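Peer 1: Here the protein sequences come in this chain order: A and B. Read in order, the letters of the first sequence correspond to residues 113 to 716 in my numbering. Read in order, the letters of the second sequence correspond to residues 113 to 716 in my numbering.
You may find that some hints are simply not true.
If several chains are the same, the list does not tell them apart, and a pair holds so long as it fits within one copy or across any two.
Unchecked claim - List of simulated lysine to any residue pairs, SDA-like, C-alpha gap at most 20 Å:
#1 706 with 662
#2 395 with 115
#3 328 with 261
#4 581 with 147
#5 585 with 597
Keep in mind that the hints were calculated from the coordinates and are not lab data. On a predicted model such as this, the values are computed, not experimentally measured, just so you know.
2 protein chains.
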Amino acid sequence: MPSYQAPLRDMRFVMNEMLDYPAHYARLHNGEDATPDVVAAILEEGGRFAHDVLLPLNQVGDREGCLLEGGEVKAPKGFKQAYAQYVEGGWPSLAADPAYGGQGLPPSLGMALSEMICASNLAWGMYPGLSHGAADALRHHGSDELKTAYLGKLVEGVWTGTMCLTESHCGTDLGLIRTRATPNEDGAYRITGTKIFISAGEHDLAENIVHLVLAKLPDAPEGARGISLFVVPKFLPDAQGNPGERNGVECGSLEHKMGIHGNATCVMNFDDAKGFLVGPPNKGLACMFTMMNVARIGVGIQGLGLMEASFQNSLAYARDRLQMRSLSGPKATDKPADPIIVHPDVRRMLLTQKALAEGGRMLVLYTAQLVDIVEQGTDSAEKEQAESLLGLLTPIVKAFLTELGFEATNEGVQVFGGHGFIQEWGMEQFVRDARITRLYEGTTGIQALDLLGRKILMNQGETLKVFTKEIHKFCQAEAGNASLKEFIEPLARLNGEWGDLTMAVGMRAMSDREEVGAASVDYLLYAGYVTLAYFWARAARTAQLALKEGNDASSDYYQAKLDTARFYYQRLLPRTRAHAEMIRAGAEPLMTMKDGAFGLGFEV
Amino acid sequence: MPSYQAPLRDMRFVMNEMLDYPAHYARLHNGEDATPDVVAAILEEGGRFAHDVLLPLNQVGDREGCLLEGGEVKAPKGFKQAYAQYVEGGWPSLAADPAYGGQGLPPSLGMALSEMICASNLAWGMYPGLSHGAADALRHHGSDELKTAYLGKLVEGVWTGTMCLTESHCGTDLGLIRTRATPNEDGAYRITGTKIFISAGEHDLAENIVHLVLAKLPDAPEGARGISLFVVPKFLPDAQGNPGERNGVECGSLEHKMGIHGNATCVMNFDDAKGFLVGPPNKGLACMFTMMNVARIGVGIQGLGLMEASFQNSLAYARDRLQMRSLSGPKATDKPADPIIVHPDVRRMLLTQKALAEGGRMLVLYTAQLVDIVEQGTDSAEKEQAESLLGLLTPIVKAFLTELGFEATNEGVQVFGGHGFIQEWGMEQFVRDARITRLYEGTTGIQALDLLGRKILMNQGETLKVFTKEIHKFCQAEAGNASLKEFIEPLARLNGEWGDLTMAVGMRAMSDREEVGAASVDYLLYAGYVTLAYFWARAARTAQLALKEGNDASSDYYQAKLDTARFYYQRLLPRTRAHAEMIRAGAEPLMTMKDGAFGLGFEV
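This is chain A alone, in the form it adopts within the complex (with noise of 0.2 Å):
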């Protein structure tokens, strides 16, 4: 069976060391309690929980899967006790307003342990990976009964939210969705559709489903523009708030996946279900949008998570597995063969894994702070900024995260040789469930079109302003430390060329706009590997000031956070060459040939 531990030290260095957590947390509405004795005894407890409870049920969630019998679904054995323990422990309210029962803790506390759920069992995280945004969307766009009908609930974790979005015939593009909602006499209407692809959309661990459903109501207008977002309980709430008449939505089959076998990915079927209008009718999607981007982030998280599961596990199996001699020399001479991390090219494969790992964690909590700043902080303007820059983010984390955690755990398996290919040594069920990362919430392609064209392009690159400028004022005010030139000098000149690759490509697509989407994965792998880069300076400058200070009981961490660093700079920040020049070569390669010709080559 895969270890796990969650990367304690990693987190502590993140967030004490270099993004000044405890100075951050102060600044923010409640944030008081957010002290770093809290914080620390909280990640320790949820590192735990992630190790005692959910990492032994991963291998058997994959294995089992999820059974559906006369609607109802059983998740796999052990899933509902640990849900259960969960929100004993009161995990769910951690980060939610106190209002509705929340700790009223910093959303950022909840992502870090959110890394540690999706590392040691993603299929489970996924049942209460989508209540947050649930109860984001009821929180900002419901009306006052809804909110006292429903958060409750799922803050307390006792009822669980699913979203409810994709038909079989339209994910990306939902203006297609034939799911109706029918007005009633007494202002709730009443739902009729199919949707699939739905996570968590039934299951045994908690009492009540509340399902966020996409609809269109009979006078709607055409498109995205007639979209209207509705709450459907599976069980309507009685008279006390407790589960009450069985509402029209059952299950009506379970996907066969590649991966996330414990999760249960439903067919929903709703049957003049009753509904209740969340925020203004046709503008649903708006609202949608407000759950969508906490499961964006939510997702770039899995991706990490996943990063770093399967580096642990192959960095356990290249310090056991014993196989040649190092080419410079023996090294384990009382051994018939080496360890395998003597190898280069093995160590170059535990040094993507870590780099990609401990970078995407800096992000992530980067981009944590931002949404604290959103959802709890004090100064209007500084929430503004933070907002947009959460918008730039958030394609980022999510699609760059993914990806590269896809490429993380396939490292994984190839350090495990042929015993990766086999399920029971679990690096395999990485890749699987990885698999899925790269395109739920939004494919890669959709990420990055929302990126270049929406977040970039659509504000004449304002909001990307913000950030270079950001990574600018770091290079400069480094610009004379001879001991981080190495990093500053690459980044600074990265910096400079991400503002020309936009300006480049913006200028196209105005005559253009196949330019657009021509460009867009390319420019969003560019921009990620830039932004690591930046994360990654940080670090290495936080390090190199620590090592300084002599602190001698972490010298041997610190000094391996610097050789990560330069690791990231010189094997895998040159891919930025690659994507530059074919954002350069634009759309023309891409839109040449006639759609008929494709297949030319096979078609009789």
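Knowing the structure of chain A, use the given hints to seat chain B on it.
Peer 2: Same frame as chain A, but now just chain B:
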């Protein structure tokens, strides 16, 4: 269910128009039988077999897997019948030596067919897949008695072969094997030990299974110099040459794997099994490489087949699936949305698959000509050169086509969006099946060491020069061709850089052997991209000539070929920029970190 059509038009392009197979065949010993008509008929018939017989069993095999009961393995439903048809059709003997009942056609023809088999049903293809290698090892190294006893049956296909190398504690490092061979008085040996990961080690498709087993003689030197090769049949042939007494070799268990579920991957227990020495004592490794090289090219072809299969299905989906409008304005105005093939990023994914599959096919069919010359050539100098060029290209075919096969099959999933993750569509099976190809018969890391260390640096780059000189000559010959300039200029530049990079690594490796391993995988990928660039330039030239000649019926095909070449040069070849820079970064960023420091972020 996924579809598949053998890419006959594309095969004809590569074989007849680009690589002049008719003239090549005419120069081979016995090659006169392989007339263009015969070749065309065989490929067509092979495509039909793949489509009609193998394709329908691909998902069946994935879902059912294999069953072990009482030491006997049952392959999935229909596999046995399909194999009977395969033998009945005379396919196993196609390219085999007439001295043993083979049809004596050139090996390249078998390789072209192999692509179709791998594309339509990889797991099934692994049953007959290793028989060729086993037969080759016997043909080159076996005694006359062994040849008489086993070769005819292997060639006919009524018996299949295996390669029994790996043990649980060693795969790459075969010097560590523990399986022992004790001499009998009758000249045979008693083999005892356990082998793992034995593809088709036990099954019900053939009446006998011929294991080629690495084991150690009692007095064997330590390590790889003390390995011998034995043939160990499941049933010992009786006086009539039919399966007689059951031998002491049995399948102990089946592996549960990420993919190729339809193939039985066996733990094989040898318990005083009767075996017969193949080749000289303690020279087993050299004999094994005869099979291994055949198998490695075979695995590269698996990567190619899966690319093509995935491509064909994602193309069909991209034409069918309606989602969003083209950014440059609606295209399918009669429909609620445009087919996703209009979107530049979808086209990027499709073109990536297409360029890799078609380029991979050129590489394989070029390599296949080298195999033909080595096996059936008539000029000894030409044979010698073909042999060393084949040695150079084998690790590239194996590792580059499987690395990119994994990428291409993943692009296929990505084109399908969420549906790609669902088993029913079959796209995720291609990914799971492709995953093993990067591992078995030597991981990508091992191929890369073989390429850079053994095949290039160990002979001072002499073999590489033969190939880069061929590219250089091509570039020189076309230097005045303005219409090819967009290909020839970058190709010539990269070809020169390839030499420079090799020299640079070679120089560094003289003072630090770790430099070889540190550069190896990036070097192999770099080499692969440049190699494919050479073939794409040749393809562009062929297509341009055909367009000039005004072959109207095929002009769309040729234009698509030219467009794909452009896509390859502008949107894939820039990856060499990243790999070149990473190669230049050298070993230091990989070797500096202390082994004990890798895990300090999570280890307590």
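Peer 1: Hint by hint, say whether it matches the structure.
Peer 2: We went through each hint and held it up to the structure:
For the identical chains of this complex, residue 706 and residue 662 are inter-copy neighbours only, at 19 Å across copies versus 64 Å inside a copy, given an alpha-carbon limit of 20 Å. Within a single copy, residue 395 and residue 115 get their C-alpha atoms no closer than 46 Å, and across copies no closer than 41 Å, so neither meets the 20 Å cut-off. Taking the closest pair of Cα atoms, residue 328 and residue 261 never come within 20 Å of each other, the shortest separation being 24 Å inside a single copy and 74 Å across copies. For the homomeric pair residue 581 and residue 147, neither the shortest alpha-carbon distance inside one copy (31 Å) nor that between copies (68 Å) is at most 20 Å.
Taking the shortest alpha-carbon separations for residue 585 and residue 597, only the intra-copy value of 15 Å comes in at or below 20 Å, while the best inter-copy value is 44 Å.
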